[in-house]
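> Letter by letter, the chains look like this.
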Amino acid sequence: MVTTTLEDRLRDVAGSVPDPELPVVTLAELGILRDVRMTGPGQVEVELTPTYTGCPAIEAMSADVERVLHEHGIPQVEVRTVLSPPWTTDAITAEGRRKLAEFGIAPPRPTGPAGGPVPVALAIRCPHCGSTDTTLLSRFSSTACKALRRCESCREPFDHFKEL
Amino acid sequence: MKPAPTAATPAATSTAAPAPAGSPARDVAAAAPALALGDDALVLSHRLGEWAGHAPVLEEEVALANIALDLLGQARVLLSLVGDEDELAYLREERSFRNCQLVEQPNGDFAHTIARQLYFSTYQELLYGQLAVGDGPLAPLAAKAVKEVAYHRDHAEQWTLRLGDGTQESHERIQRGLDALWRFTGELFEPVTGLDLDLTALHDDWITRIASVLTRATLTVPQGASRGAWTAGAGRQGLHTESFGRMLAEMQHLHRSHPGATW
Numbered sequence: 001m002v003t004t005t006l007e008d009r010l011r012d013v014a015g016s017v018p019d020p021e022l023p024v025v026t027l028a029e030l031g032i033l034r035d036v037r038m039t040g041p042g043q044v045e046v047e048l049t050p051t052y053t054g055c056p057a058i059e060a061m062s063a064d065v066e067r068v069l070h071e072h073g074i075p076q077v078e079v080r081t082v083l084s085p086p087w088t089t090d091a092i093t094a095e096g097r098r099k100l101a102e103f104g105i106a107p108p109r110p111t112g113p114a115g116g117p118v119p120v121a122l123a124i125r126c127p128h129c130g131s132t133d134t135t136l137l138s139r140f141s142s143t144a145c146k147a148l149r150r151c152e153s154c155r156e157p158f159d160h161f162k163e164l
Numbered sequence: 001m002k003p004a005p006t007a008a009t010p011a012a013t014s015t016a017a018p019a020p021a022g023s024p025a026r027d028v029a030a031a032a033p034a035l036a037l038g039d040d041a042l043v044l045s046h047r048l049g050e051w052a053g054h055a056p057v058l059e060e061e062v063a064l065a066n067i068a069l070d071l072l073g074q075a076r077v078l079l080s081l082v083g084d085e086d087e088l089a090y091l092r093e094e095r096s097f098r099n100c101q102l103v104e105q106p107n108g109d110f111a112h113t114i115a116r117q118l119y120f121s122t123y124q125e126l127l128y129g130q131l132a133v134g135d136g137p138l139a140p141l142a143a144k145a146v147k148e149v150a151y152h153r154d155h156a157e158q159w160t161l162r163l164g165d166g167t168q169e170s171h172e173r174i175q176r177g178l179d180a181l182w183r184f185t186g187e188l189f190e191p192v193t194g195l196d197l198d199l200t201a202l203h204d205d206w207i208t209r210i211a212s213v214l215t216r217a218t219l220t221v222p223q224g225a226s227r228g229a230w231t232a233g234a235g236r237q238g239l240h241t242e243s244f245g246r247m248l249a250e251m252q253h254l255h256r257s258h259p260g261a262t263w
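Protein sequence lines correspond, in order, to chains A and S. Be aware that the first sequence starts at 1, since it is given in our numbering, and climbs by one per residue. Be aware that the second sequence starts at 1, since it is given in our numbering, and climbs by one per residue.
Wrong hints could be hidden among the right ones.
[Said to hold, decoys possible] Listed next, with one range per pair, are the computed distances between beta-carbon atoms:
(1) A:V68 to S:E50: 13 to 21 angstroms
(2) S:Q158 to A:P157: 28 to 36 angstroms
(3) S:G53 to A:P110: 47 to 55 angstroms
(4) A:S153 to S:A261: 24 to 32 angstroms
(5) A:R150 to S:E50: 26 to 34 angstroms
(6) S:D198 to A:G130: 45 to 53 angstroms
The set of hints was computed from the structure by calculation and includes no laboratory data. Cβ coordinates follow ideal geometry from the N, Cα and C atoms, glycine included.
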């Protein structure tokens, strides 16, 4: 019972680590934190899943999770990266989506059954002025997980967290 | 002439083996296919990285680098199934690489690179799609990577349409790239040791998709042989084309000159 409570607390601690590239959202909100398990006294195993296979932020995330758990009195932390089941943008929480939009990044739409590009042209809303009149500038933007768009109403370019 | 090993040299050490001595394959059954697919991803990633600073527009610079990064991530996972990723990437000789010859072909102009991207990403998406539904050791990576590659294929398709149905100049250039690379496409449908694939379905689906895109782009499906007598399956056996050695020299020189360098 005591272990479970501690495990829950450590899950909250690890989950509240901000994403190194999008510091407005946490690992829990992005759905990147898969599991936090006590494997013994002072011993914790953490499972993270990368957004993209080549995501360079995963190493910084592992180090950050390790550090905060050390700060919360856990001397032995093992962070493992798991690929299966593959991460999807559907794993981003409602709160995470709200924060992304507030930060100026249009949140992802629901994915299709196979993942990847969404074939139907569902409108993507400009995070600055709210217009749905936006066009794609490039499928790849500042990071692999984002596409670059422009709002035709306010003319501002913005990032769109693309569906995966 | 290669000197005969002296009595002091451990006889078991073979520099030509795919996995360097001291880093035995972590999963023997997965090692051969992981090396082939990992080398495909690594080599194409490096080729795409060569566009950095040279792409026609900034957005394409970013797009090609992002695709290269996805491929590099896939290569790291795959090569780690075989042994130490850095040793495998930086310390193997040309003949130990198992990538298909298509991915090592030089970038050429932008249209040539897009033609290579169209052929390869269409193949890779179908290949990973088959592996993802199986229960083999590569299934977790394939299930993840297939979604990334869908974006690479979409990128290549959109550019093929734009170049093919664009100006006379862009039309000619992409057709030239498609024709020149056609003879390297047959190798994609050769069996890969250790992979349980439906090669007939892979080939038929690939042809259907390529033909559909090229038709929409007002381009012609190349008619020549899709493989030469000596090129079929050659890359998978460690036989590579002339430019590959120069690419490796550039890719490996820093690590070989400064072993263990980090940044």
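> Against each hint, give a clear statement of whether it holds in the structure.
Right, here's what the structure says about each hint:
About 40 angstroms separates the C-beta atoms of A:V68 and S:E50, a value inconsistent with the hinted range of 13 to 21 angstroms. Checking the proposed 28 to 36 angstroms range against S:Q158 and A:P157 shows it is violated: the Cβ atoms sit about 19 angstroms from each other. As the Cβ distance of S:G53 to A:P110 is approximately 38 angstroms, the hint placing it in 47 to 55 angstroms is violated. In this structure, A:S153 and S:A261 break the distance hint of 24 to 32 angstroms, their C-beta atoms being roughly 50 angstroms apart.
Between A:R150 and S:E50, the C-beta spacing of about 29 angstroms keeps the proposed range 26 to 34 angstroms intact. Separation of S:D198 from A:G130 is about 48 angstroms and conforms to the stated range, judged on CB atoms against 45 to 53 angstroms.
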